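Using the sequences and the hints given, assemble the complete structure.
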Amino acid sequence: MKGKSKLFIAVGVILSVLITFSVLGCPRREAEPEPEPREKFHLGITAGRPGDTWFVLSHALATFINERSEWVTAEVVATAGVADNTRLLVAEKDRRATHLNVTMIPGVTAWGEGQHFPLKVASLGFLDDVWVTLDPAIKTLADFEGKTVVLSRDLPYGYGWIFDNWLRVAGVENYRLLHGGVSARRDALRDGAAPVGVLPVDMIWPDEHVLSSSMMELSARGTLYFPNQGNVERNLAQIALAGTMEPFVGEHTLPPLGMVIPAGRLGPTQTEPLVYISTPLYWAAGIEVPEDVVYEVTRILYEAASRNEFAAYHAVGRGIVPDFVARSFWRTDAERRANYHPGALRFYDEKGITLKHFTDP
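So the sequence shown is numbered by our numbering: it starts at 1 and just counts up by one.
For the record, the hints were derived by calculation from the structure and aren't laboratory data.
Certain hints may be false.
Simulated DEER-style distance windows between Cβ atoms [said to hold, decoys possible]:
(1) Glu-246 / Arg-221: 32 to 40 Å
(2) Pro-268 / Lys-40: 50 to 58 Å
(3) Val-232 / Ser-183: 28 to 36 Å
(4) Arg-68 / Gly-264: 17 to 25 Å
Here the structure is a predicted model, which means the values were calculated and not measured.
Note that CB positions come from ideal geometry on N, CA and C, so glycine has one too.
Quick look at the structure:
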């Protein structure tokens with residue numbers, strides 16, 4: 001027992017020495033200060049009408065932000081349509097520093113010199129309209145002569161005017177115009193108020209084309225026919241000219257693209273390649289929105305695209321993938337850097353992501 005007592009005493013002495021040395025001989029390490037909590041920031045996303053493709057996908061983005069940011073929250077704001085997203089921010093200046101904007105108007109002064117300047121954050125999709133009719137006798141633009149044609153809303157710099165320009169370039173002189181949103185156009189075509197007009201198709205990046213819900217609804221009334229098939233080079237040239245004419249653009253530059261749907265994509269009545277007008281849509285933010293907020297949004301958006309998470313919300317979301325998010329219609333790097341928001345640029349630069357044109361490999 002005495003031997004064991006001596007052993008316990010020796011161990012105790014050694015432990016006391018070690019503890020004393022650790023306390024006195026080693027400098028105490030100061031605890032690192034906790035990082036300052038970020039100030040909360042609430043972001044609105046003007047996204048068009050509830051149920052629109054862009055509204056649904058912006059709802060998805062808001063959901064991802066709310067789930068994955070510790071300091072930014074988001075909600076979708078309904079408007080009368082894509083053009084009215086920007087119109088709202090022009091009219092209510094206080095919103096410019098707190099809202100993302102779904103837009104098809106890239107960094108131009110179409111809303112007045114010095115007004116809201118939407119800088120790109122990421123690509124969202126395309127506004128793609130094609131000529132459609134239930135009348136098999138309407139086969140070419142010349143067959144529009146003397147008829148009522150229904151186009152998109154009558155708005156300043158509205159993309160619908162390019163279709164009117166296209167008819168004039170093609171030599172059609174005598175026709176009447178109706179204007180309306182997608183539902184109104186569908187109803188006019190269905191009920192015979194206009195025998196021909198434009199409705200959207202859904203384009204899923206990179207090369208999938210499918211009938212939109214409005215087209216599917218119209219097809220319940222009869223067979224869909226797509227006027228002006230074929231003659232690809234002539235139609236593309238006409239669109240290029242129509243895009244330079246008033247009242248579509250006037251002194252401004254907007255991004256309509258002449259695109260081609262391969263034969264058969266829209267059904268058996270589309271027997272030839274079909275030229276259509278495509279206008280890129282994207283999430284944007286004015287320079288008034290803080291750079292770190294846009295950086296945070298871009299990070300979350302890009303990571304969701306990397307996991308293809310937008311696909312669960314809408315078919316078009318299948319095309320919101322990393323390769324698409326960082327593409328635009330600007331052809332030079334200088335143009336891209338001038339028209340992207342600094343917060344988005346910082347994210348893309350840090351991650352080594354190259355900004356591309358839609359037609360780049």
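Verification of the hints:
| no. | hint | in the structure |
| --- | --- | --- |
| 1 | Glu-246 / Arg-221: 32 to 40 Å | holds, 35 Å |
| 2 | Pro-268 / Lys-40: 50 to 58 Å | holds, 55 Å |
| 3 | Val-232 / Ser-183: 28 to 36 Å | holds, 31 Å |
| 4 | Arg-68 / Gly-264: 17 to 25 Å | violated, 41 Å |
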